[in-house]
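Undergrad: Residue numbers (our numbering), protein chains in the order written: chain A, 6 to 443; chain B, 427 to 715.
Because the hints were derived from the structure by calculation, they are not lab data. Please note: incorrect hints may appear among the correct ones.
[To be verified] Now the in silico label distances, taken between C-beta atoms and shown as ranges:
1) B:L501 x A:T34: 47 to 55 Å
2) A:T102 x B:P703: 23 to 31 Å
3) B:L682 x A:R382: 51 to 59 Å
4) A:D403 x B:I696: 46 to 54 Å
5) B:I432 x A:G187: 32 to 40 Å
6) B:I535 x A:R152: 47 to 55 Å
7) A:D403 x B:A528: 55 to 63 Å
8) B:H484 x A:R323: 33 to 41 Å
9) A:K183 x B:A528: 52 to 60 Å
10) B:I696 x A:D123: 48 to 56 Å
11) A:T102 x B:H479: 37 to 45 Å
12) A:K183 x B:L700: 47 to 55 Å
13) A:G66 x B:L501: 31 to 39 Å
14) A:G187 x B:I532: 54 to 62 Å
[What the hints assert, rightly or not] Subject to a maximum C-alpha distance of 25 Å in a straight line, what follows is the list of computed DSS-like cross-link-like pairs (lysine-lysine):
15) A:K81 x A:K33
16) A:K269 x B:K558
17) A:K192 x B:K553
18) B:K480 x A:K322
19) B:K553 x A:K440
20) A:K269 x B:K480
21) B:K582 x A:K405
Glycine is no exception: its CB is placed at the ideal position from the N, C-alpha and C atoms.
These are the residues of each chain, in order.
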Amino acid sequence: MRIPKFLLSILLIACLVMAVGLPAYAAKTIKIGVIGPMKFVQGKGHWNGATMAAEEINAKGGLWVGKKKMKIELVKLDSNEFLSMTDATNAMELAITRHKVDFLVGGFRTEAVLAMQDIAMDYKKIFIGCGAAHPQLCTRVAKDYKRYKYFFRGTPFNSMYLVKTCFIHMATVGGIMKKVLGIPKVKVAIVAEKAVWVDPMIAAAKGFIPKIGMEVVGVWRPSAVATDVTAELSAIQRSGAHMIFTTFSSSVGITFARQAGELKIPAVQVGINVEAQKDGFWEATEGMANYVMTMNTYARGVETNELTPRFVNAYIKRFGEVPTYTADTYQVIIYNLAPVIEEAGTLDADKLVAIIENREYVGPGGKVKYMKDAEGRHLHDLTWGPGYLTSLGVQWQDGKLKGVWPNRWKAAKGVPEITYKGVVPYKIAPWVIEKYKK
Amino acid sequence: MILDIITSGLINGSVYALLAIGFSLIYGAARIVNLAHTAFYMVASYCIYFATHKMGVHPVAAMLVAIILVTMIGLVCYQLFINPIREHEAAVLIATIAMAMAMQEIMLIIFTGDYLSVPSLVKGYLKIIGVKIAYQQLLTFGVALLILAGVWSLLKKTRVGLAIRSTAQDREVANLMGMNESRVAMITMGVSVGLAAFAGAVVVPLTVVNPHMWMHPLIFMLAIVVLGGLGSLKGSFAGAYILGFTEASVVFLIPLGAFLKGSVALSVMILVLLIRPEGLFGVAFEEER
Numbered sequence: 006m007r008i009p010k011f012l013l014s015i016l017l018i019a020c021l022v023m024a025v026g027l028p029a030y031a032a033k034t035i036k037i038g039v040i041g042p043m044k045f046v047q048g049k050g051h052w053n054g055a056t057m058a059a060e061e062i063n064a065k066g067g068l069w070v071g072k073k074k075m076k077i078e079l080v081k082l083d084s085n086e087f088l089s090m091t092d093a094t095n096a097m098e099l100a101i102t103r104h105k106v107d108f109l110v111g112g113f114r115t116e117a118v119l120a121m122q123d124i125a126m127d128y129k130k131i132f133i134g135c136g137a138a139h140p141q142l143c144t145r146v147a148k149d150y151k152r153y154k155y156f157f158r159g160t161p162f163n164s165m166y167l168v169k170t171c172f173i174h175m176a177t178v179g180g181i182m183k184k185v186l187g188i189p190k191v192k193v194a195i196v197a198e199k200a201v202w203v204d205p206m207i208a209a210a211k212g213f214i215p216k217i218g219m220e221v222v223g224v225w226r227p228s229a230v231a232t233d234v235t236a237e238l239s240a241i242q243r244s245g246a247h248m249i250f251t252t253f254s255s256s257v258g259i260t261f262a263r264q265a266g267e268l269k270i271p272a273v274q275v276g277i278n279v280e281a282q283k284d285g286f287w288e289a290t291e292g293m294a295n296y297v298m299t300m301n302t303y304a305r306g307v308e309t310n311e312l313t314p315r316f317v318n319a320y321i322k323r324f325g326e327v328p329t330y331t332a333d334t335y336q337v338i339i340y341n342l343a344p345v346i347e348e349a350g351t352l353d354a355d356k357l358v359a360i361i362e363n364r365e366y367v368g369p370g371g372k373v374k375y376m377k378d379a380e381g382r383h384l385h386d387l388t389w390g391p392g393y394l395t396s397l398g399v400q401w402q403d404g405k406l407k408g409v410w411p412n413r414w415k416a417a418k419g420v421p422e423i424t425y426k427g428v429v430p431y432k433i434a435p436w437v438i439e440k441y442k443k
Numbered sequence: 427m428i429l430d431i432i433t434s435g436l437i438n439g440s441v442y443a444l445l446a447i448g449f450s451l452i453y454g455a456a457r458i459v460n461l462a463h464t465a466f467y468m469v470a471s472y473c474i475y476f477a478t479h480k481m482g483v484h485p486v487a488a489m490l491v492a493i494i495l496v497t498m499i500g501l502v503c504y505q506l507f508i509n510p511i512r513e514h515e516a517a518v519l520i521a522t523i524a525m526a527m528a529m530q531e532i533m534l535i536i537f538t539g540d541y542l543s544v545p546s547l548v549k550g551y552l553k554i555i556g557v558k559i560a561y562q563q564l565l566t567f568g569v570a571l572l573i574l575a576g577v578w579s580l581l582k583k584t585r586v587g588l589a590i591r592s593t594a595q596d597r598e599v600a601n602l603m604g605m606n607e608s609r610v611a612m613i614t615m616g617v618s619v620g621l622a623a624f625a626g627a628v629v630v631p632l633t634v635v636n637p638h639m640w641m642h643p644l645i646f647m648l649a650i651v652v653l654g655g656l657g658s659l660k661g662s663f664a665g666a667y668i669l670g671f672t673e674a675s676v677v678f679l680i681p682l683g684a685f686l687k688g689s690v691a692l693s694v695m696i697l698v699l700l701i702r703p704e705g706l707f708g709v710a711f712e713e714e715r
């Protein structure tokens with residue numbers, strides 16, 4: 006059958022109109038790529054936080070970009086970064102080239118985020134990291150600002166501050182142990198999973214622990230996915246450690262806490278155990294995780310500021326669990342990206358970068374201010390400390406994750422004590438008391 | 427420290443032995459390199475989790491159901507995916523790894539990547555000369571030994587065992603002697619997958635259930651069977667304990683290198699193979715030809 010010429014012409018014109026018109030239609034939304042290991046809790050946190058933020062903005066009709074109101078459209082990108090770095094970089098490429106996202110939030114494993122960061126920078130896309138802690142992500146910004154200025158850290162603060170906070174937790178718990186149990190010098194075993202983000206923390210811990218009057222009795226580095234750490238636990242017990250400084254972001258955190266609880270290892274656990282930050286940890290350890298303490302961003306009933314309960318309660322209501330720190334995609338979108346876009350009146354990355362890096366804002370996790378390095382260069386890293394982001398110390402107490410720090414914390418001499426609303430006193434495990442009480 | 431190494435090595439070695447013997451059995455009897463072997467172990471762990479946590483079934487009953495169910499799944503997989511291509515070893519290799527990946531993805535879709543666990547059957551611990559050993563670990567060790575003894579009895583004392591051993595020695599002659607070689611292969615597959623499921627059942631209260639839990643044991647199991655000699659049950663048994671003790675020794679002797687325990691154990695395997703390429707109890711290739 007022959008197609009008449011005029012019909013063919015109409016078809017061609019229609020195709021042309023669609024080709025030109027569809028992107029214009031698509032441009033009515035602001036596309037945010039949420040990238041993370043979506044089949045895992047970390048990725049779910051990324052997505053849940055971003056979903057809440059997008060719904061909140063869209064319920065108000067969207068954001069003013071100049072004279073145009075644009076809604077938020079989220080694009081879910083599974084980086085599968087726990088298993089494949091290639092999947093992570095492919096997801097990033099896909100986000101930018103096929104989905105044409107305007108902004109990117111997420112990422113978890115430093116190894117993967119470093120690679121994804123490069124791709125985002127190639128395309129000059131603003132990428133706000135919400136998971137990886139290695140300082141290199143931001144020192145890259147200072148060293149090669151022109152290339153890396155589109156990267157910002159959204160959460161958590163870098164591993165040097167993570168370890169600093171852990172030291173404060175250790176000193177606090179060590180002080181309680183000295184007072185309650187009469188231990189003159191607390192012995193510490195460092196147990197850190199084998200991962201890049203942990204390396205600078207171990208070096209810092211080995212140097213700092215003696216300075217706070219404690220003694221390092223050994224360093225153990227199990228695999229991040231070890232399914233049996235009883236050998237390590239036996240060795241730790243033999244070392245006479247009173248405290249175990251943990252740095253876990255993967256499943257070994259469950260194995261370690263469960264087996265330590267089962268064997269009643271007489272040493273308190275303080276540090277970072279990402280799995281212990283989740284509501285499901287109690288069940289995952291079959292209730293063996295009692296008295297495990299970890300750094301965290303949010304906890305039921307603990308208020309960092311007036312914005313915290315609103316976010317935490319809404320998140321619990323929506324998703325049935327306390328948000329983990331990767332859910333700070335909410336804070337990043339609502340309190341950072343959204344107001345900056347409205348202020349700039351454009352989606353132009355260069356113009357937005359100039360505003361973001363000089364701006365201070367308060368979110369549910371605390372006050373955010375981007376740092377500069379010692380030479381005054383932009384780092385796009387998060388400021389840590391009283392008045393800014395501090396995080397929380399949380400402890401599992403009889404099946405409930407309670408906030409225990411900051412509790413009358415004095416950051417320096419002469420400054421007022423800080424206590425967040427809702428924190429409770431730290432508890433020493435009874436089997437530790439039984440072992441050391443004189 | 428020596429006692430620590432002995433206890434850790436014995437427990438780890440027993441679990442590895444359970445997996446490796448099942449793998450060795452099907453390779454020895456039917457020349458099937460079943461790379462999905464540890465994936466069945468993972469599926470069994472999920473079945474137990476589901477039955478205990480979602481259906482409220484007692485863990486022991488859940489374990490029995492899981493073993494039966496996974497054995498049946500294994501037999502179905504054998505009939506559908508392995509039997510038709512059995513004669514092509516490379517194809518079997520690829521098909522079984524594909525099966526394992528499929529099982530992983532299915533579990534990932536159903537249960538997501540969340541880390542899950544199953545309660546211990548016995549809580550608490552025993553202290554032997556200063557070493558704390560969880561009752562569950564002792565139970566695992568005991569059950570593993572019992573199962574291994576059961577497999578030995580099956581092979582040595584029953585007609586099925588005789589058929590499996592005969593087929594393992596010479597498939598063609600066994601066939602000529604009236605044994606249904608294909609059926610023996612299927613029975614062996616059932617026993618082999620059953621052993622993987624048993625391993626999953628005894629280990630699940632000690633480990634973290636996740637869709638990727640099959641990968642590390644697979645590498646170890648392959649190392650064990652190569653170390654012990656492909657198809658040799660005795661070799662798999664010895665290889666399992668050698669690697670179990672090596673792992674434990676690394677943790678105690680090089681705490682900073684605890685994550686290297688797998689690598690060191692695999693290096694031991696390479697070292698043994700350099701001295702004895704056929705493995706500890708394997709048949710020399712020349713002799714086999």
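Undergrad: Work down the list of hints and note, for each, if the structure agrees.
TA: Now for the hints, and whether the structure bears them out:
| no. | hint | result |
| --- | --- | --- |
| 1 | B:L501 x A:T34: 47 to 55 Å | holds (52 Å) |
| 2 | A:T102 x B:P703: 23 to 31 Å | violated (50 Å) |
| 3 | B:L682 x A:R382: 51 to 59 Å | violated (35 Å) |
| 4 | A:D403 x B:I696: 46 to 54 Å | holds (49 Å) |
| 5 | B:I432 x A:G187: 32 to 40 Å | holds (36 Å) |
| 6 | B:I535 x A:R152: 47 to 55 Å | violated (39 Å) |
| 7 | A:D403 x B:A528: 55 to 63 Å | violated (42 Å) |
| 8 | B:H484 x A:R323: 33 to 41 Å | holds (35 Å) |
| 9 | A:K183 x B:A528: 52 to 60 Å | holds (55 Å) |
| 10 | B:I696 x A:D123: 48 to 56 Å | violated (36 Å) |
| 11 | A:T102 x B:H479: 37 to 45 Å | holds (42 Å) |
| 12 | A:K183 x B:L700: 47 to 55 Å | holds (54 Å) |
| 13 | A:G66 x B:L501: 31 to 39 Å | violated (59 Å) |
| 14 | A:G187 x B:I532: 54 to 62 Å | holds (55 Å) |
| 15 | A:K81 x A:K33 | holds (19 Å) |
| 16 | A:K269 x B:K558 | holds (9 Å) |
| 17 | A:K192 x B:K553 | holds (23 Å) |
| 18 | B:K480 x A:K322 | holds (22 Å) |
| 19 | B:K553 x A:K440 | holds (15 Å) |
| 20 | A:K269 x B:K480 | violated (28 Å) |
| 21 | B:K582 x A:K405 | violated (54 Å) |
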